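Engineer: Residue numbers (the numbering used here), protein chains in the order written: chain A, 1 to 370; chain B, 1 to 393.
These are computed hints drawn from the structure, not numbers from a lab.
Only a predicted model underlies this, so the values are computations on that prediction, with no experimental measurement involved.
Fair warning: there could be bad hints in the mix.
[Said to hold, decoys possible] What follows is a list of derived Cβ distance ranges for each label pair: (1) A/Asp286 x B/Gln207: 43 to 49 angstroms; (2) B/Ala232 x A/Met358: 55 to 61 angstroms; (3) B/Ser37 x A/Thr11: 49 to 55 angstroms; (4) A/Ala25 x B/Arg116: 51 to 57 angstroms; (5) B/Gln90 x A/Gly362: 25 to 31 angstroms; (6) A/Gly318 x B/Ser142: 49 to 55 angstroms; (7) B/Ala141 x A/Gln57: 53 to 59 angstroms; (8) A/Gly362 x B/Ser37: 49 to 55 angstroms; (9) B/Asp139 x A/Met358: 44 to 50 angstroms.
Note that beta-carbon positions come from the ideal geometry of N, C-alpha and C, so glycine has one too.
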Amino acid sequence: MEKEALGPTSTLDQATLDALRESIASVLAEQCGSIELHTFVDGKNALDKTLWAQAGQLGWLGLGIPEQFGGLGMGAQGLAILHGELGRQSAPGPYIATLSAAQTIVETGGNDIRQTWLPRLGSGEVSAAVPATLDRHSLTRSGAGVSGTLRCLGGVDAAFLLAPADDAWAIVDLAGAEVTVAPMWDRTRNVIDVRLTNASPVGILPDAAATCAALTRTMALAVAADSAGGARSITERTIAYMKTREQFGQPIAGFQALKHRAADLATKLAVADEMVRHAVQRTVTDEPDAELWAMLAKSEVTEACVFVTTDCVQLHGGVGFTWDFDPHIFLKRARLNEVLIMANTALRDRAAAALAAMTSSGRSALELEL
Amino acid sequence: MSILEAQHDLSAFRQAIRDWLAEVVPSDWKARMARASNEEYIAFQRWWMAERSKVGLAIPHWPKEYGGAGLSQRHLIAVADEMARADAPQNRLFTISLIHMPGTLLPHGTEAQKRRYLAGVANGEVWCQGFSEPNSGSDLASLRCRAVRDGDHYVINGQKIWSSNSMYADHCLLLTRTDPNAQKHRGITYFIMDMRSPGVEVRPIRQANGRAEFGELFLTDVRIPAGNMIGAENNGWRVAQATLASERGVISFEGGERQRYEIEAFYRKSLEAGAAWLRDAQLHREFVSFLAEMQAARRLLRRVLQESETPSASASVLPSIVKLSSTALRQRICSFMVRIGGVDGQAFALLAEEPFGSPMFDFLSAFSGTIAGGTNEIQRNIVAERGLGMPRV
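All chains should be modelled from the sequences, with the hints used to inform the complete structure.
Structural biologist: Written as C-alpha cells, this is what we have:
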C-alpha cells in the first residue's frame with residue numbers, strides 16, 4: 001500500500017496559536033453559551049448540528065490535517081487548542097472521535113484512504129466513530145468481512161467506524177450497519193453500539209500496533225485538552241458565582257476556607273495545562289516519549305478535572321446539585337473523559353513500562369527545552 | 001578560553017562551565033558532606049564560593065560596576081542548568097547574599113551602599129535576613145523590633161527568628177519598627193546591620209530534621225549608622241517587597257532541575273537493582289504520576305523565568321502557584337520514598353550520598369518548602385485575592 005511521506009510538522013509560534021484560540025473561543029462563546037447548552041441538554045435545540053456545520057465551514061475540523069489533504073496543517077498544537085475550547089464550553093458533538101480518527105488516518109493510513117476520507121472529514125461532510133476503549137474488544141475478520149459488536153464514541157450518523165479487526169484496523173462504512181445510541185449521563189457526547197455482521201471494510205490499516213498507538217496518543221491528547229479546558233471553565237464560573245452569592249452578610253468568596261480551595265483549584269489547573277502542553281510538544285517534535293506523555297496527560301488531567309468539577313458542584317452549594325446550573329454538565333463530561341481510551345491505571349501501567357524501557361536503554365524521558 | 005570569555009557563544013559558555021565543573025568538583029563531595037560536621041560543611045561552602053569566584057561565577061549576573069560580569073538571565077539559567085546537571089554543590093550559605101541582598105539593594109540602595117556591599121559577596125561575605133519575629137510570622141507587617149533614632153545612629157531592640165545561616169553571617173537585612181503609632185505597614189524601616197555590632201546575639205535553632213540552619217537573633221541596644229538605612233524612614237515595607245520578590249526565579253528553577261536528575265538517578269538505580277517497589281504496580285503508577293507533575297512544575301518554573309523579564313511580573317501570582325504545586329509535590333515524593341524505604345529508610349542520617357538515600361531526612365526537610373518564604377496558606381491567600389479577585393474581608 002503506497003504511503004506518501006509527510007513533512008515534519010513545524011512548531012507554531014505563540015501568536016498564531018493565540019489568534020487561533022481567540023477566534024475559536026469567540027465563536028463558541030456566542031453560540032455555545034450556558035443557555036444554549038442547557039437548551040441542548042434538554043433536547044430543545046440542535047446545537048450539536050449547528051456547531052458541527054459551523055466548525056466545518058470555519059476549517060476547525062481540518063486543523064490537524066496536512067494541507068495536501070485539504071487541511072490547515074496545524075497538527076497537535078492546533079487540535080489541542082480546539083479541544084481545549086470545546087471543553088471550555090462543554091460543546092456537544094463528535095469531535096474527539098472524528099478528529100482522532102482523522103489524525104490516525106494521517107499517520108498510518110495509505111494514500112488511497114487518506115485521499116478518500118481526509119478531505120471529507122476536514123470539511124465536516126462526514127463524522128467518524130472509534131471504540132470508546134481501545135484495550136478491550138476487537139472486531140473479528142473472516143474472509144473479506146468483519147463482524148462483532150463495539151461500544152463506540154461517535155454520532156449515530158457517523159459515516160464510518162475505525163476499529164481493530166484481529167490483526168489489522170478496519171474502516172467500516174456504517175451506512176448499512178446496526179447502530180443504536182446508548183444514552184449517557186453526559187449528554188454532550190454520543191456513545192453508540194455498533195453491531196456488524198460480515199460487513200465489508202472500505203479500508204484496511206495493516207499496521208495494527210502503529211494504528212492503535214496513534215489513536216491512543218491522539219485521543220489521549222484530545223481528551224486531556226478537553227478536560228483541562230472544561231476544568232478551567234467551570235472553575236471560573238464557580239468563582240464568579242461565589243463572588244455574587246452572599247451569606248452571613250458577605251459574598252462567600254470572602255471566606256478563607258473557600259478561597260484556599262479556589263487557590264488549590266487554580267494550582268491544579270495550571271499544572272493540568274502544562275501537562276497537556278508538554279504532551280503536545282513531545283508529539284509535535286516527534287519524540288520517542290510522545291506516547292508516554294500523552295498517556296500520562298490523559299490519566300492525570302482527567303482525574304484532576306473530576307476533582308475540580310466535583311469541588312465546583314460542592315462550592316456552589318444547593319444550586320450546584322440542580323439541573324439548571326452548569327456544574328453537573330461539566331462533571332458528567334469529566335467522568336466520561338476519565339474512562340475513555342482505557343482505565344487510567346492501565347494507561348499508567350503502559351507509561352511505566354515505556355519509562356522502564358527507555359531508562360534501561362540509557363535514554364531519558366525527562367528532557368525539556370530551556 | 002575562560003568561562004566568561006566564552007559568554008558570547010552560549011554553547012561554548014556551557015561547555016566551558018562543564019569542563020571547569022569536571023575539573024574542580026571533587027567526585028566524593030557528597031560522601032564527604034554526608035559525614036561532615038557543621039563547621040566542615042560551612043568551610044566547604046566557603047571553599048565552593050571561592051572557587052566560583054576565581055572563574056567569575058560568584059556574582060556573574062550583577063552589573064559590571066558592582067563587581068559582576070553583567071551576564072544575561074539566559075546565561076544565569078545556563079549556569080544553573082549546568083550546576084544541576086553536574087550535581088555540583090549548591091550555594092546555600094550564600095542564598096541571601098546572592099539573591100535577596102542584590103534584589104533589595106539594586107533597586108533601593110544608595111550608590112554608596114551598592115559599592116560597599118555588592119562586590120563583597122564575591123569575597124565570601126555572608127548575609128542573613130532579619131524579617132520574621134516570634135510574634136510576626138505570616139503577619140510580618142506586625143513586627144515590633146524597635147529602632148529609635150539617636151543622633152546619626154538608630155538604636156535597635158528586639159528579636160528576630162528563622163534567620164538562615166545567621167550564625168555565620170557578616171551582615172543582616174533587618175526590618176524594624178520606627179513608628180509604632182502609624183498604620184502597621186507604614187511604620188517600618190529597613191536597615192543593613194553589621195552582625196558583629198555589640199548587642200547582637202545569635203542562637204541556633206535545631207530543626208525537626210536534626211540540623212540547625214536557622215538562628216534566632218536577640219538585639220539589645222544595637223547601634224546602626226543612619227547611612228545603613230535602605231530607602232526612606234518608614235518606607236521599609238515597600239523595600240521589603242523587593243526582597244521577597246527576589247526569591248522567585250533562577251534558584252527555584254535550579255531546584256526543579258536538581259530534583260529531575262535526582263529522581264532519574266534514583267529510578268535508574270532502582271531498575272538496576274531490581275528494587276522491590278517496582279514489582280508493586282500501584283507504586284509504579286504513583287511514581288509516573290510524580291514524573292508528570294514534575295515535568296509540569298519544570299515547565300511552570302520556566303514560565304516564571306520568562307515572565308520575570310516582563311513589566312507585569314510583579315502583579316503575577318504564578319510564582320505562588322508554582323510554590324504551591326512544587327513544594328506539595330516535593331513533599332509527596334519524599335513521603336513516597338519514606339514508604340518504600342521501610343524500616344531501613346528511617347535509619348537516622350542527615351545528608352546522604354545517594355539520591356533519596358536518607359528519605360526521612362528529605363521528607364522532614366521538605367517542610368522548609370511548604371513553610372518558608374511565606375507559608376503555603378499565605379500563598380493561597382495571594383492566589384485567591386490577587387489572582388482570582390476574591391475579596392479580602
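Engineer: State the violated hints by number, sorted upward, taking the hints as numbered earlier in the document.
Structural biologist: Numbers 6, 8 - these are the hints that the structure violates, sorted from lowest upward.
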